[in-house]
Amino acid sequence: MIRRPRITQWLVIMLAAVMTAAPVLYAADQQQLVIYHWWTAGGERQAMQVIFDAFTKKNPSTKIVDNPVAGGGGITLKTVLLGMLAAKIPPDTFQSLSGAELKQYVDGDYVASVDDVWRAQKLDANYPAVIGKMTTFKGQHYGIPMNAHRANWLFYNTKLFNELKLAPPTTVDEMIAAAKRIKSSKPNVAPIAIGTREKWPAVFLFDVTLLSTGGPDVYEKFYTGQLNVKTAPEVRAALQKFKDLIPYLYQFHGAKTWSDIAGPMAEGQMGMMVIGDFAAGLLVQAGYKEGVDWDAAGFPKKPQEVFLMIVDTFVRPTGAKHPEATTAWLTNLTDPKVQGEFNIVKGSIAIHKAVPDTTYPDKLHQEASRTFKSKRIVPSSIHGVLAPPAFLSDWQDILTRFLYSPDINRALDEISSAMELDKVSDSSGWYWAK
Amino acid sequence: MAYTRAHALLFLAPLLLIVLVMYGMMAWTVAVSLDDWVGMAPVWKFHGLENFRTLLGGALRERLFTSLRNNLIWLVVFIAPTTALGLFLAYGLDLVGRAERVLRPLFLYPIALSFVVSGTLWAWMYDPDAGVINNLFRMLGLGRWAQPWIADPHLATFCLVGAAVWQYTGFAMTLYLAAIRDMPREIFEAARVDGATDVQTFRHVVIPNVGHATMIVVAMLILVTLKVFDLVWVMTFGGPGISTEVLPFFMFVATFRQQFVGIGAAVSVLILILAVAVVVPYAWWSMRRLAA
Amino acid sequence: MKTASRLPWRVCIAGLALLWLLPLYVMLANSLKTIREITQSQYVLPPGGFEVQNYAVALGVLRHGLVNSTLVALPATALAVLLGSGAGFFLARLRFRHSQAVFFAATIATFLPYQIVLIPLTQLLADLRLINTRPGLIVAYLLLNTPMAALITATFFQTVPAEMQEAAALDGCGPVTFYWRILLPVAQLGLLSTAILIFTTIWNEFLIPTAMTQGTFNQLATPVLAGLKGNYAQLWHIQMAGATLTSLPPLALFVFLGRYFVSGLMAGTLK
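Residue numbers (full-length UniProt numbering), protein chains in the order written: chain F, 1 to 434; chain E, 1 to 292; chain G, 1 to 271.
Heads up, some of the hints might be wrong.
[Stated by the list, open to error] Keeping only pairs whose Cα atoms sit at most 30 angstroms apart, straight-line, the calculated DSSO-like set for lysine-lysine is:
| id | chain 1 | residue 1 | chain 2 | residue 2 |
| --- | --- | --- | --- | --- |
| 1 | F | K221 | F | K423 |
| 2 | F | K133 | F | K301 |
| 3 | G | K271 | E | K227 |
| 4 | E | K227 | F | K230 |
| 5 | E | K45 | F | K138 |
| 6 | F | K301 | F | K321 |
| 7 | F | K301 | F | K363 |
| 8 | F | K337 | F | K302 |
| 9 | F | K57 | F | K353 |
| 10 | F | K58 | F | K321 |
| 11 | F | K159 | E | K227 |
| 12 | F | K337 | F | K373 |
[Unchecked claim] Which chain F residues face chain E? A few, computed with CB under 8 angstroms, are given here:
| id | residue |
| --- | --- |
| 13 | G108 |
| 14 | E198 |
| 15 | K241 |
| 16 | A255 |
| 17 | A390 |
| 18 | S393 |
| 19 | D397 |
| 20 | L421 |
| 21 | S425 |
| 22 | W430 |
[As the list claims (entries may be wrong)] Residues of chain E placed beyond 12 angstroms of chain G at every Cβ, according to the derived structure:
| id | residue |
| --- | --- |
| 23 | D36 |
| 24 | A59 |
| 25 | R61 |
| 26 | L68 |
| 27 | D94 |
| 28 | N135 |
| 29 | R144 |
| 30 | Q147 |
| 31 | L155 |
| 32 | N209 |
| 33 | K227 |
| 34 | V228 |
The hints are simulated quantities; they were obtained by calculation from the structure and are not laboratory data. Beta carbons are placed, not taken as given, at the ideal position from N, Cα and C, and that holds for glycine.
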């Protein structure tokens with residue numbers, strides 16, 4: 001009657017025990033640098049390797065524990081990271097954006113000052129002043145930026161523009177005029193390429209519209225909650241212009257990501273596209289040549305050309321387990337040689353003034369580097385640099401929705417209530433502090 | 001069989017502990033929903049029903065009602081076809097004889113797939129210009145049937161529902177088939193002797209006898225609609241705009257992306273209230289059956 | 001039943017079955033196509049060759065995710081079934097005063113959408129220092145699936161004849177011996193069904209690892225697959241290869257252990 005237990009039963013128990021225990025044994029004692037970042041896609045990944053190699057050469061005994069997390073701009077990174085920080089189990093360093101997003105970590109006491117590195121590397125002299133401002137809270141620096149992306153590029157199909165004898169637009173009005181030309185002479189070509197499946201590219205397009213209609217001062221005021229959205233004529237004007245763009249957009253934008261449509265733009269199925277310089281890397285990788293298949297121009301040029309900037313930054317978490325490794329990592333990031341090599345692969349530009357414009361092999365990044373040194377730098381709103389991340393999430397929803405039902409008054413109401421709910425002006429005071 | 005307190009402890013304690021933790025967490029969610037908690041570290045700042053006010057009458061009203069409306073669309077548009085098609089297939093499979101063995105798994109396999117897989121697949125099926133459906137239409141000369149599908153805010157939720165119908169019809173079918181097979185064969189024989197057609201048999205014999213199975217199917221599918229998250233995330237990320245957001249998605253974005261944890265918890269509480277209306281009667285009914 | 005009347009049914013159902021197979025076909029066929037075939041919009045035709053390379057690329061990305069999913073789903077399933085079956089035994093075979101109340105409470109814990117405990121679960125794991133670790137995921141899945149395992153095994157144990165238990169009691173066999181030596185071996189197919197259901201649930205789950213894990217070391221296959229979309233945007237063939245790889249374990253269970261898959265699925269409704 002009584003059966004003996006099957007071997008499988010014991011096997012299951014053993015399995016459960018071993019597999020539960022195994023991961024715990026992973027914890028090693030070696031000097032480590034536990035790092036979290038969101039550079040996972042092709043070129044970005046290789047760019048990170050450049051820094052890792054430079055770091056390992058300088059710190060051969062430190063093992064890098066790499067935790068790359070997929071998801072544009074770290075949407076998914078933040079979730080768990082904040083959980084870990086709240087639980088006081090921080091990594092040794094992690095990626096953030098300067099500005100409002102960094103402020104979040106500072107306010108939570110999750111990151112410690114990096115003034116020592118900042119001073120030792122003389123970053124006040126070597127970095128542009130606005131970058132210093134974007135990392136300074138409560139009188140101290142809290143992040144070490146290492147590269148800048150320019151967000152205000154207008155990519156366009158070279159052959160199409162040559163064929164129609166179009167010059168790259170310098171304002172949104174010219175952009176609309178060009179789009180009109182494309183639409184009338186080539187009905188099968190979508191004049192303006194955009195993919196809003198991930199929502200944020202809509203903000204890129206709006207940002208250049210606002211820069212074109214209002215200029216950089218209005219831009220900064222808008223994203224820091226200094227304008228009364230419902231009454232300020234500038235916001236209404238920008239939305240009106242944004243609305244004028246809608247008939248020329250690629251019609252199925254809601255189903256596509258920006259990278260889905262970069263190819264068709266270079267192929268000539270679409271005319272032009274407002275996106276950051278990171279698109280250049282993707283296009284080159286896909287075999288499309290700058291100057292032959294596509295070109296890019298800083299946009300808008302009027303009333304004032306600016307460098308709309310996204311800055312990647314690394315920080316020093318409070319209570320990190322390997323503080324020496326963190327310091328070594330941050331110091332390594334400020335090395336002009338490392339920044340130069342990294343940015344060639346990454347497709348952004350170095351922010352250290354010692355890196356010459358000629359470092360970059362392509363025209364686009366050389367121009368970016370020149371603009372960076374000569375023109376006004378404006379922090380991009382994207383991913384929570386000026387306005388806080390909570391607002392950015394709402395903002396993307398408002399704009400993508402606007403593209404489908406362009407009701408200006410409703411949008412203004414939505415913006416104003418989102419700004420209030422997300423406490424935009426309260427949390428942007430840092431930008432205007434002296 | 002005689003047992004002691006130690007036995008009860010050994011066998012039941014893990015379950016009791018886990019169930020207790022689950023209820024504790026639910027209570028915790030309710031507590032958080034009454035707090036003004038922003039940011040990932042706990043902030044216990046009681047402010048009563050303020051979060052619910054923001055959701056139901058304040059700044060987030062429209063967003064909440066979009067999610068609620070979509071959940072309602074899911075409820076209606078998902079459950080009716082899934083149930084009907086499941087019942088139809090079950091009856092058909094009962095009739096086709098041995099072919100059933102081959103055909104049945106072809107309807108059931110989607111239930112073995114992750115929503116992430118089916119979402120990835122269907123995102124491509126629905127893609128407006130590269131997608132399989134529109135290209136199939138064009139291939140068959142039905143180009144004017146082509147639609148923007150998930151790029152159209154009015155269609156997108158229905159597209160998501162379509163993917164879910166594909167995934168869950170087999171589940172409904174399986175439960176119905178079991179119910180039909182449980183029915184005494186004599187009823188079918190009697191119907192046949194009376195000269196009833198298949199359709200008549202279906203209406204007068206099958207339908208009156210599958211009420212029990214329908215209850216299970218509908219209850220399970222309601223819970224699916226309240227949980228739907230992965231498909232939305234993978235296929236549309238709530239877009240275009242916020243047109244495909246559902247309550248769990250709204251909850252996730254508010255909590256983890258915007259870090260309005262109090263608001264997120266309040267949305268969870270709303271989900272809880274809706275789910276309790278289904279789960280408690282269902283649990284009561286299951287318990288009575290077990291006791292019987 | 002008349003043979004003649006079956007034909008229209010067969011045709012109709014077979015036609016629907018083809019429709020149901022279309023997505024699977026699209027997934028498999030396109031996972032073997034070259035990027036060139038994809039860009040030429042040849043989605044419905046079978047692949048020209050077998051581009052196995054796609055799988056190598058997809059595996060390169062998904063490798064860690066698949067390993068992690070295995071390392072989480074297997075122990076979590078084993079533990080959930082083990083702990084759950086103990087309770088299931090008590091609930092089904094040793095009626096006690098509050099057994100109905102326990103059953104009721106466990107049913108509610110099983111069927112309520114788990115989204116409502118996501119925030120506290122994140123906090124709990126963070127407090128236990130288990131957030132973003134595989135043991136943490138195992139704990140999360142144990143919490144979510146043990147009640148289910150208890151209920152399902154209870155329904156399976158109920159079908160074991162009472163005489164067997166009585167005979168064992170007469171032989172002087174206590175609850176532990178009966179459970180371990182008799183009940184589990186006798187009901188092993190029921191346990192298998194339970195395990196298949198729970199393993200599939202965990203393997204396919206997406207929300208928990210999305211909210212609680214990051215990085216190569218801990219991320220499971222489903223979020224990695226979802227991320228594949230973003231990183232390799234228009235590379236549908238790679239996505240399809242990745243989707244196929246991620247589906248293999250549950251599909252294999254479905255194909256090779258179909259009967260138990262189905263019986264687990266049905267038992268999961270407490271029907």
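A quick look at each hint next to the structure:
| no. | hint | result |
| --- | --- | --- |
| 1 | F:K221 to F:K423 | holds (14 angstroms) |
| 2 | F:K133 to F:K301 | holds (25 angstroms) |
| 3 | G:K271 to E:K227 | holds (21 angstroms) |
| 4 | E:K227 to F:K230 | violated (38 angstroms) |
| 5 | E:K45 to F:K138 | holds (25 angstroms) |
| 6 | F:K301 to F:K321 | violated (47 angstroms) |
| 7 | F:K301 to F:K363 | holds (18 angstroms) |
| 8 | F:K337 to F:K302 | violated (34 angstroms) |
| 9 | F:K57 to F:K353 | holds (24 angstroms) |
| 10 | F:K58 to F:K321 | holds (20 angstroms) |
| 11 | F:K159 to E:K227 | violated (49 angstroms) |
| 12 | F:K337 to F:K373 | holds (18 angstroms) |
| 13 | G108 | holds (6 angstroms) |
| 14 | E198 | holds (7 angstroms) |
| 15 | K241 | violated (20 angstroms) |
| 16 | A255 | holds (4 angstroms) |
| 17 | A390 | holds (4 angstroms) |
| 18 | S393 | holds (5 angstroms) |
| 19 | D397 | holds (5 angstroms) |
| 20 | L421 | holds (4 angstroms) |
| 21 | S425 | violated (15 angstroms) |
| 22 | W430 | violated (17 angstroms) |
| 23 | D36 | holds (15 angstroms) |
| 24 | A59 | holds (21 angstroms) |
| 25 | R61 | holds (21 angstroms) |
| 26 | L68 | holds (15 angstroms) |
| 27 | D94 | violated (9 angstroms) |
| 28 | N135 | violated (6 angstroms) |
| 29 | R144 | holds (18 angstroms) |
| 30 | Q147 | holds (16 angstroms) |
| 31 | L155 | holds (18 angstroms) |
| 32 | N209 | holds (15 angstroms) |
| 33 | K227 | violated (4 angstroms) |
| 34 | V228 | violated (9 angstroms) |
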